[in-house]
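Trainee: Sequence:
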Amino acid sequence: MGFGEMIPQFASYIPNQYARALIVLIVLFLVFRVLLALFNKFVMKLTSKTKTDIDDILLAKASTPMSMVALFISLRFAIEELFLSEAFSLNAERVIYSALVIAIGYLIFAFVDVALVVAWKNVAKKTKVKMNDSLTNLVHGTLKIILIILVLLYVLEIWGVEIVPVLGALGIAGLAVALALQPVLANIFSGISVIMDKSVKVGDWIIMEDGTWGVIQKIGIRGTRVRTFDND
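Residue 205 in the working numbering sits at position 115 of the sequence shown; the count goes up by one each step and never skips.
Source of the hints: derived by calculation from the structure; they are not laboratory data.
Nothing here was measured: the structure is a model prediction, and the numbers come from that model.
You may find that some hints are simply not true.
Computed spacing ranges between beta-carbons, pair by pair [to be verified]:
1) R315 / E252: 47 to 53 Å
2) E183 / R123: 21 to 27 Å
3) G250 / D146: 15 to 21 Å
4) T137 / W249: 37 to 43 Å
5) V202 / F132: 18 to 24 Å
Here are the simulated DSSO-like pairs of lysine-lysine, each with C-alpha atoms no more than 30 Å apart in a straight line [said to hold, decoys possible]:
6) K151 / K211
7) K211 / K139
8) K151 / K131
Even for Gly, the Cβ is constructed at its ideal location relative to N, Cα and C.
Put together the whole structure using the sequences plus the hints.
Mentor: Here it is as structure tokens:
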């Protein structure tokens with residue numbers, strides 16, 4: 091329902107449909123921006139009392155996607171003022187809803203990303219394990235891929251695409267990739283286990299399966315670097 095239907099005087103005062111749509115877009119977006127500004131001011135007042143800067147980072151990351159969500163919601167109401175064909179109106183709504191889903195997906199990713207960083211720092215603090223950039227990047231990348239797939243599936247559903255065959259294709263493709271990357275994944279999980287268990291650390295002397303002695307120089311996700319007596 092457009093503003094012209096909710097407020098009959100609105101259509102009579104502004105007969106031009108494009109002018110009405112533009113006014114609705116601008117007014118609604120400004121209203122949303124004011125509400126967001128008030129919300130940010132309220133949250134910033136609360137976060138100023140906390141000792142951590144995580145909430146400030148979260149607020150900064152959420153600013154852009156929240157503005158985009160406000161814009162797309164305003165666009166959705168604005169097109170109601172236009173006399174469009176049914177097909178064009180449907181496609182326009184699909185475009186707006188798709189963009190809205192992407193913006194919300196980015197907003198969710200920003201929240202979860204910051205939450206993971208906080209959780210990882212807490213684990214590192216309690217276990218006294220130094221944060222590993224490779225592990226952080228792995229978790230970050232995996233989260234991003236999962237969220238992109240979910241957003242893509244939702245967008246496909248908006249456009250009327252049957253997602254069951256897509257899920258089947260993704261399952262087959264995922265299985266093929268997993269089999270191809272099995273040795274790499276095994277090394278990665280072994281690296282994560284070594285990092286979290288703290289069974290060895292840099293500077294420790296170890297003996298390998300072939301009886302060779304060496305000193306650990308670096309522990310990473312994909313492998314551990316060991317220097318032997320012959321500098322290999």
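Trainee: State for each hint whether it applies.
Mentor: Results for each hint:
In this structure the supplied range 47 to 53 Å holds for R315 paired with E252, their Cβ-Cβ distance being about 49 Å. At roughly 23 Å, the beta carbons of E183 and R123 sit within the given window of 21 to 27 Å. Distance hint for G250 and D146: a CB-CB separation of about 42 Å, inconsistent with the stated range 15 to 21 Å. Between T137 and W249 the beta carbons are some 39 Å apart, a value that agrees with the proposed interval 37 to 43 Å.
The hinted range of 18 to 24 Å is satisfied by V202 and F132, whose Cβ atoms lie roughly 23 Å apart. Under the criterion of a C-alpha separation no larger than 30 Å, the hint pairing K151 with K211 is consistent with the structure, at around 19 Å. Of the pairs offered as hints, the one joining K211 and K139 holds, with about 21 Å between alpha carbons and a cut-off of 30 Å not exceeded. The hinted pair formed by K151 and K131 meets the criterion: a straight-line CA distance of about 15 Å does not exceed 30 Å.
In summary, the structure is inconsistent with hint 3 from the numbered list given earlier, while agreeing with all the others.
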